[in-house]
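S.K.: What follows is each chain in one-letter form.
2 protein chains.
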Amino acid sequence: MKKRGLLLVLSGPSGAGKGTVCRALLKNEPSLRLSVSATTRPPRPGEVDNVDYFFLDSEIFNKMIKDGEFLEYAQVYNNYYGTPQPFVEESLKEGHDIILEIDIQGALQVKEKYPEAVLIFIAPPSKFDLKKRLFSRGADAREVIEKRLHCASDEMKLADRYDYIVVNDQVIRAVERIRSIIIAEKSRPHNFKRLLNSFN
Amino acid sequence: MKKRGLLLVLSGPSGAGKGTVCRALLKNEPSLRLSVSATTRPPRPGEVDNVDYFFLDSEIFNKMIKDGEFLEYAQVYNNYYGTPQPFVEESLKEGHDIILEIDIQGALQVKEKYPEAVLIFIAPPSKFDLKKRLFSRGADAREVIEKRLHCASDEMKLADRYDYIVVNDQVIRAVERIRSIIIAEKSRPHNFKRLLNSFN
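Chains A and B supply the protein sequences, listed in that same order.
With my numbering as the guide, the letters of the first sequence map in order to residues 664 to 863.
With my numbering as the guide, the letters of the second sequence map in order to residues 664 to 863.
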């Protein structure tokens with residue numbers, strides 16, 4: 664029987680840089696599989712359908728909700744986001760480590776369904792830094808940014824329900840911390856059943 | 664208020680190499696403080712009093728037990744081993760990370776008193792390997808080694824009560840895994856109270 668894979672969930676407030684950290688992590692850990700989310704929001708410049716997201720219209724998304732095809736889904740700023748469950752479940756069974764980059768509501772839903780999921784909260788180093796990053800991204804209107812900043816304060820209050828907090832002061836340092844967390848989680852006793860039994 | 668230090672407990676069966684791993688770890692992580700244990704067993708060649716152990720006679724050891732001065736103590740192969748509590752408690756309060764290298768009975772006692780202690784089980788890569796190491800050490804009589812091997816099987820059964828298992832296939836790799844565990848444990852949410860509160 665194959666060892667079940669690790670389910671890593673990365674989230675954090677908009678502007679904390681979870682997308683950048685996630686991409687750098689995948690580059691450093693080629694064995695990690697990224698779970699592609701579905702969304703009803705329009706693609707941002709450079710985003711590719713089926714790679715960055717499955718871009719779906721609301722009708723299809725709602726049908727998938729009704730059919731119970733999502734591991735988690737959430738409404739964020741008038742758009743829906745969700746994780747199709749079958750891909751995740753099959754990958755874990757095959758022993759692959761999966762990473763989900765999802766919002767905070769979604770992360771807590773995953774933890775309910777998969778208590779063994781490892782929740783990592785990507786935090787900005789400070790409130791000032793978060794503000795700076797949101798404005799410099801230049802992708803959103805001022806009122807959208809103000810809304811995101813307001814949400815960030817609420818979201819930071821949920822960080823203590825996560826297993827780990829990783830401050831994104833530098834992407835490379837954040838990635839190193841996540842790699843350490845992966846090594847630690849792979850050192851949990853349930854991964855050594857065969858070795859322990861061989862001493863009987 | 665200072666952040667409380669991390670209490671790391673390293674143990675494992677005789678011959679798994681926990682002493683070697685512990686010394687290599689201390690060399691790589693100079694900020695770690697080693698808690699010196701007390702024992703009634705005679706020093707082995709090269710062992711230094713007050714550095715490797717506090718070598719005590721049984722009378723003094725028993726008085727310290729009665730006075731409640733041990734965080735944990737245990738009898739192993741007709742000798743007593745114990746961890747003097749005041750040094751550990753003061754170091755943790757001052758924010759220092761402490762490492763205890765103790766036997767398995769002792770480790771589980773520590774976890775009862777300090778549930779936040781991080782228990783790491785140093786495991787040999789295989790039963791064959793353990794046997795080889797015990798014989799090649801050449802420090803003990805054959806009957807002592809046979810006794811240790813028998814105990815090792817029982818001790819491996821307790822490994823699943825630990826937080827982590829680190830296989831000592833190569834000392835340098837074992838040390839790297841422990842360093843990852845330290846980084847992961849320092850990423851627990853309770854260490855980020857100040858940052859999270861600053862977003863309110």
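No lab work stands behind these hints: they were computed from the structure.
Among the clues, some could well be false.
Said to hold, decoys possible - Within a straight-line C-alpha distance of at most 35 Å, the following computed DSBU-like cross-link-like pairs (lysine-lysine) qualify:
1) A/Lys-849 x B/Lys-690
2) A/Lys-666 x B/Lys-690
3) A/Lys-756 x B/Lys-690
S.K.: If a hint holds in the structure, say so; if it doesn't, say that too.
M.R.: Do the hints match the structure? See the list:
As the CA atoms of A/Lys-849 and B/Lys-690 are separated by approximately 24 Å, the hinted pair is consistent with the 35 Å bound. Using a Cα cut-off of 35 Å, the hinted pair A/Lys-666 and B/Lys-690 holds, with the two alpha carbons roughly 34 Å apart. At roughly 40 Å between alpha-carbon atoms, A/Lys-756 and B/Lys-690 are farther apart than 35 Å, so this suggested pair is violated.
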